[in-house]
Amino acid sequence: MASKEQGHLHPITQVIFDVYRIFHEHGFGVARGPELETPYYNFDALNIPKDHPARDLQDTFWLGPEKLLRTHTSSVQMHFMEKHKPPFRIIAPGKVFRQEASDRTHEAQFHQVEGLVVSKDASLPQLIGTLEYFMRVFFDTDITLRLRPSYFSFVEPGVEIDVSRDGGPWIEVLGAGMVHPQVLKNAGIDPGTWRGFAFGVGIDRLTMLKYGVDDIRAFYNGDLRLVTQF
Amino acid sequence: MLASYSYQWLSSFFKEPLPKAEEVADFLNRRSFEIEKVRKGETDTIFDISILPDRASYALCHKGVAYELHAIFNTPYHERVLKTPTISHEVSEVRVSVRDGVPATRYIAQRVEGIALPLKADLTEILQRLQSINERSIHPLVDMANYIMFDMGQPLHVFDADKVDGELVIRFASHGEEVLLIGEESPRELGESDVVIADKKGVLAIAGIKGGARAAVTSSTNAVIIESANFDSVAIRKTARRLNLLSDAAKRFENKVNPFRAEKGIDQFISYIHHFFPDARFGSRYDWFPSKPSQVSVKTSLTLFEEVLGISLREEEILGILTQLEMEPRIDNGFVVSNPPPERADVVIAEDIIDEVGRIYGYEHVKGVLPKKEKGDMPLDFHFSYENRLKVFLIQQGFSELYTSSFAPEGVQKLLNPIAKDRAFLRASLKDTLFEAMVRNVHNQDLLGVEAIHAFEIGTVFPKEGEHTSVALAISGIKNNKLNTDSILHQVRGAIENTFSMVLPPIEKESTVKDGILIYKFSLTEAPKEAPLQLEESPDQLLSMLPAGKEGVVYRKPSVYPFVVRDIAIFVPEEVTSSHVSKLIMEHAGVRLQKLYIFDTFKKDDRVSYAFRLIFQDYAKTLSDAEVNDCMGKISQKVEEISGWQVR
Numbered sequence: 009m010a011s012k013e014q015g016h017l018h019p020i021t022q023v024i025f026d027v028y029r030i031f032h033e034h035g036f037g038v039a040r041g042p043e044l045e046t047p048y049y050n051f052d053a054l055n056i057p058k059d060h061p062a063r064d065l066q067d068t069f070w071l072g073p074e075k076l077l078r079t080h081t082s083s084v085q086m087h088f089m090e091k092h093k094p095p096f097r098i099i100a101p102g103k104v105f106r107q108e109a110s111d112r113t114h115e116a117q118f119h120q121v122e123g124l125v126v127s128k129d130a131s132l133p134q135l136i137g138t139l140e141y142f143m144r145v146f147f148d149t150d151i152t153l154r155l156r157p158s159y160f161s162f163v164e165p166g167v168e169i170d171v172s173r174d175g176g177p178w179i180e181v182l183g184a185g186m187v188h189p190q191v192l193k194n195a196g197i198d199p200g201t202w203r204g205f206a207f208g209v210g211i212d213r214l215t216m217l218k219y220g221v222d223d224i225r226a227f228y229n230g231d232l233r234l235v236t237q238f
Numbered sequence: 021m022l023a024s025y026s027y028q029w030l031s032s033f034f035k036e037p038l039p040k041a042e043e044v045a046d047f048l049n050r051r052s053f054e055i056e057k058v059r060k061g062e063t064d065t066i067f068d069i070s071i072l073p074d075r076a077s078y079a080l081c082h083k084g085v086a087y088e089l090h091a092i093f094n095t096p097y098h099e100r101v102l103k104t105p106t107i108s109h110e111v112s113e114v115r116v117s118v119r120d121g122v123p124a125t126r127y128i129a130q131r132v133e134g135i136a137l138p139l140k141a142d143l144t145e146i147l148q149r150l151q152s153i154n155e156r157s158i159h160p161l162v163d164m165a166n167y168i169m170f171d172m173g174q175p176l177h178v179f180d181a182d183k184v185d186g187e188l189v190i191r192f193a194s195h196g197e198e199v200l201l202i203g204e205e206s207p208r209e210l211g212e213s214d215v216v217i218a219d220k221k222g223v224l225a226i227a228g229i230k231g232g233a234r235a236a237v238t239s240s241t242n243a244v245i246i247e248s249a250n251f252d253s254v255a256i257r258k259t260a261r262r263l264n265l266l267s268d269a270a271k272r273f274e275n276k277v278n279p280f281r282a283e284k285g286i287d288q289f290i291s292y293i294h295h296f297f298p299d300a301r302f303g304s305r306y307d308w309f310p311s312k313p314s315q316v317s318v319k320t321s322l323t324l325f326e327e328v329l330g331i332s333l334r335e336e337e338i339l340g341i342l343t344q345l346e347m348e349p350r351i352d353n354g355f356v357v358s359n360p361p362p363e364r365a366d367v368v369i370a371e372d373i374i375d376e377v378g379r380i381y382g383y384e385h386v387k388g389v390l391p392k393k394e395k396g397d398m399p400l401d402f403h404f405s406y407e408n409r410l411k412v413f414l415i416q417q418g419f420s421e422l423y424t425s426s427f428a429p430e431g432v433q434k435l436l437n438p439i440a441k442d443r444a445f446l447r448a449s450l451k452d453t454l455f456e457a458m459v460r461n462v463h464n465q466d467l468l469g470v471e472a473i474h475a476f477e478i479g480t481v482f483p484k485e486g487e488h489t490s491v492a493l494a495i496s497g498i499k500n501n502k503l504n505t506d507s508i509l510h511q512v513r514g515a516i517e518n519t520f521s522m523v524l525p526p527i528e529k530e531s532t533v534k535d536g537i538l539i540y541k542f543s544l545t546e547a548p549k550e551a552p553l554q555l556e557e558s559p560d561q562l563l564s565m566l567p568a569g570k571e572g573v574v575y576r577k578p579s580v581y582p583f584v585v586r587d588i589a590i591f592v593p594e595e596v597t598s599s600h601v602s603k604l605i606m607e608h609a610g611v612r613l614q615k616l617y618i619f620d621t622f623k624k625d626d627r628v629s630y631a632f633r634l635i636f637q638d639y640a641k642t643l644s645d646a647e648v649n650d651c652m653g654k655i656s657q658k659v660e661e662i663s664g665w666q667v668r
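Which chain is which? The protein sequence lines are A and B, in order.
In terms of the numbering used here, the first sequence opens at residue 9 and continues consecutively.
In terms of the numbering used here, the second sequence opens at residue 21 and continues consecutively.
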C-alpha cells in the first residue's frame, strides 16, 4: 500500500466525528444540505425577510439574485423538516461562508454544526442539558454554561451561550434558542402541538479551543504541518 | 449595530443613583444586550453595546437602554419636565403636502423664528454628552437635534426656513433627480423609489436619511422649519443601502421607529429651543398622521412559562416583571395578557413574552435537563456516512487529509461580491487548490519527515451548475521515481472500488501530473455502482470505523522561519540500536531540533552505521550556519566521547 504509516485526518473532520459520536449516543441523526442555497432556505424560511436589518447580521456571498453560499447550517433545518415528521432530533455539520475579511478568528469559509430537536416538550432546560452533555464529553472536563439574551430571527427566545471550562473564563461558543413558531409553520409543522430547540456551534471554534489552535486560517490552506499533528 | 452609551447620561433618567458602571454593564450583558466594551474615563464610563435588530427599534438611544435598566433594577424614573412655549400667531404654520402612496407614516413640521446666535444659555452639558459618545458639534440647533436622537431616539431635521421656497412636498424623486447633500462635493443621483422632501426648486433632503446643502442651517440662520417624521423602514433601508448613506437617522428608521415618538421628539426639541433661545417664536404645528398603529395585545398561557423556561414562577413574579417592562399585564382565565408599550415593536407573540420574563428574571436560573431519548432511530444522511467512511479508509491507506479553499481564481460559478480578485470563483474541481497545497507541502517534506507525500481532499466542487462532492488523491515524488506511484494509485483505486462498490474512472484521463505531483480525482456523487444513492444509512458501519477522538494533542504553530537540514552518519557497535543513538542526538541537539529521522542503515564487520537527517528551525528567527554547526558540533562531541562510537 501507499505507506506503512497511517495518514492523518484533518482536525475539523476529527471534531465532526466527535460531535457525531456524542450526539449519536443521545439519539441524534445526521442531516445534510447544499452549500449553494436559495435565499428562501438560508433566510426567508428562517424568518429573515428581505430588506430586513436581520439580513445584515450575516455578510453573504451572492452568485445571483436567487443563489448564494449558505451563511449558516441553519439552512438545513427547513430541508430536513420538509421531509420528516416530528418528533426528531438531528445534527447537521457542514461548511458555511461569510463575506468578511479574514483574520486569526475569522475566515470566509468555516464549519458549523446545527442541532435541531422538535418534540412535544422541547424546552430551554433541555437545550441547556443537551449542550452541557455535549460540551462535557467533548472537552472531557467540568463545564458551566451561561445564557445571555440574544437574537436570531429563527428562534424565540434566542440566546447566546458562553462556556466555562473547569471554572475558567467565559468563552462565547454558540447561539441557540427555541424554534420560532413561524419557522415550524413554514415547514408545515403545527406550533400548537410541537415545540423545538435549535443550536448552531462553530466547529472551528471548538477545534481551536480543544487543541489550542490560535489561527482559523491554518485549517484551510492545505498545510500538512497542521494536519500531521493530529 | 454597535452603539455607544454614556453612564452619566443613562443615570440622568433616574431619581436615585444607578449601581456602579461595572455592575450596570454586567447586568445589561446578562439581561439585555451584549456589551462589547466598557470604556472608563475620568468623569464618565462609556458602554459600547451591540444592539441587535429585534431591540434596535427602541434601544438605539439612551432612553431605550434606561428602559432596560428600569426593568432590571426596578428603579424609579426621574420625571423630566419640559417647558412648552406658547404658539405665536405671527409665525405662520408650515405648508406641507404629502403625496399619495409615499411610504411615510407621520410628518410633523413647525416653524420657529428669532433664533439668531449667539445662544443665551449654556449648551456645555449637551455638547459634553455628545462628545462622550464621539459626536462633534456642528451648529447649536443641529447639536440639540442630534442630542435628542441619541437621547430618546427620534431623528429630527432642521431646514433654514428662508431658503425653502414654497410648501414642503413629501414625494418620490423623479428619475435622475439630483441633490447636493450637506458636507458633500458632488450631487447624488436619485431614483423613482427614493423619498425626498422638496420645495419648488427641487430636493431639500432625502427623507429620513440626510439633509441637502441648500437649506442647511448656518451661523446666520434666523428662522427654521423643524421636522420630526416617520418613514417606512424598508423604503429607507433600500435607499440608504443603495446610496451607501448609512446615516444615524437611516439606521434608526430602517429598524422601525415608533411613530408616536415623533411628537415626543419635537416637544423636546422646541422646549430646548425655548430654553436656549428665549426670544424664539413658535408657529403652530403641522402634523400628518393618517393611521395610528393600534395597541398590540399579547396573550400568553401561564403554563407556557414553566414549559419553556423550566422555572416555576408565581403569578405575581410574572406580573411584576411585565409591569417593570411597562407591558400593563393582567391575568385573564389562565393567560397573562400584556400590552407592550408602542416602543416595543419586537414584542408580538407569546414566545416574546416568555423571553422578556425569562431574561429579566435571569436565564442563569434555568437549569439543564437532558431530554429523554425518543423511540425510533433518527436518519443518518447517506452522503455524510459514505464520505466519512471513505476518509477513514484513505487514512488507513496512508493518505492524510487536507482542506483547501472553496474559492479559486478560476472556475465556472462566479461570485458577485468576492473577497478578492484571486478568489472570485467557486472551485470547479479540487485539482488546482490541492496541487498548490501539495507544492507547499513538498517544500516542507524534510520537516514532515517523509520521502513522498500522500494526501487527499474530499469536498464540494461547483461545476457548471449546482454542486457535488469530489474526491482527489495527491501523491508527490513522481519525477524522482523513488516510488512507483502508478502502482500505488492502482492499488488504492482497486481497494476503493471493492470496499465502496464503486467504479472509478481510468487513471490516465482523470489525473494530472505536474512537478512530480500526481492528482487523481473522481466524483463521489456519481460513484456507487450497485447501491443507488439513498438518503439514509445505518450508523453502525460508520461508527465502527471512526477512530477515537484525539485527546491530549496540544497544537504547535509551525515556525514561519526557514528550516535547515543536516545529515549525520554514526558508526556504533552492532548491538547498539538506532533508537539509542537517536535518543543521544535528541538530548544534545538543543531545542531547535524539529525533526529527526533515520534514512539509512548498513552493517560493516561488527559495526553498524546509522544515517540520520536532522531538521533545525527556530520560532523567532532564521538560523545561521554557525548556529546549526554549533548544534551539530555538540552532537559529534558527545558521540566521540563514547568508546566505539564514531562520526563518519
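It cannot be assumed that every hint is accurate.
Claimed, not checked - Subject to a maximum C-alpha distance of 20 Å in a straight line, what follows is the list of computed PhoX-like cross-link-like pairs (lysine-lysine): (1) K93/A - K393/B; (2) K624/B - K641/B; (3) K193/A - K319/B; (4) K615/B - K577/B; (5) K75/A - K484/B; (6) K434/B - K103/A; (7) K392/B - K128/A; (8) K103/A - K75/A; (9) K258/B - K58/A; (10) K271/B - K58/A; (11) K319/B - K75/A; (12) K128/A - K271/B; (13) K392/B - K93/A.
Everything labelled a hint here was simulated from the structure, so no lab data went into it.
Hints, one by one, checked against the model:
Between K93/A and K393/B the alpha-carbon distance is near 16 Å, which keeps this suggested pair within the 20 Å criterion. A C-alpha spacing of about 41 Å is found between K624/B and K641/B, which places the hinted pair above 20 Å, so the restraint is violated. Under the criterion of a C-alpha separation no larger than 20 Å, the hint pairing K193/A with K319/B is consistent with the structure, at around 19 Å. Taking the CA atoms of K615/B and K577/B, the gap is about 15 Å. The hint holds against a cut of 20 Å.
In summary, the hint linking K75/A to K484/B is supported, as the alpha carbons are separated by about 14 Å, within the 20 Å threshold. Proximity of K434/B to K103/A is assessed by CA-CA distance (about 18 Å); at most 20 Å being required, the pair is judged to hold. For the hint linking K392/B to K128/A, the alpha-carbon distance of about 12 Å falls within 20 Å, and the restraint holds. For a cut-off of 20 Å, the pair hint linking K103/A to K75/A stands: about 16 Å separates their Cα positions.
Distance hint between K258/B and K58/A is fulfilled; the C-alpha atoms sit about 10 Å from each other, no more than 20 Å. Restraint check for K271/B and K58/A: the C-alpha separation of about 16 Å stays at or below 20 Å, so the hint holds. Simply put, K319/B and K75/A have alpha-carbon atoms about 39 Å apart, too far for the 20 Å limit, and the pair is violated. Distance check on the hinted pair: K128/A and K271/B sit about 40 Å apart at the alpha-carbon level, beyond 20 Å; violated.
Restraint check for K392/B and K93/A: satisfied, since their Cα atoms lie roughly 18 Å apart, inside the 20 Å limit.
Hints 2, 11 and 12, counting from the list given before, are not met by this structure.
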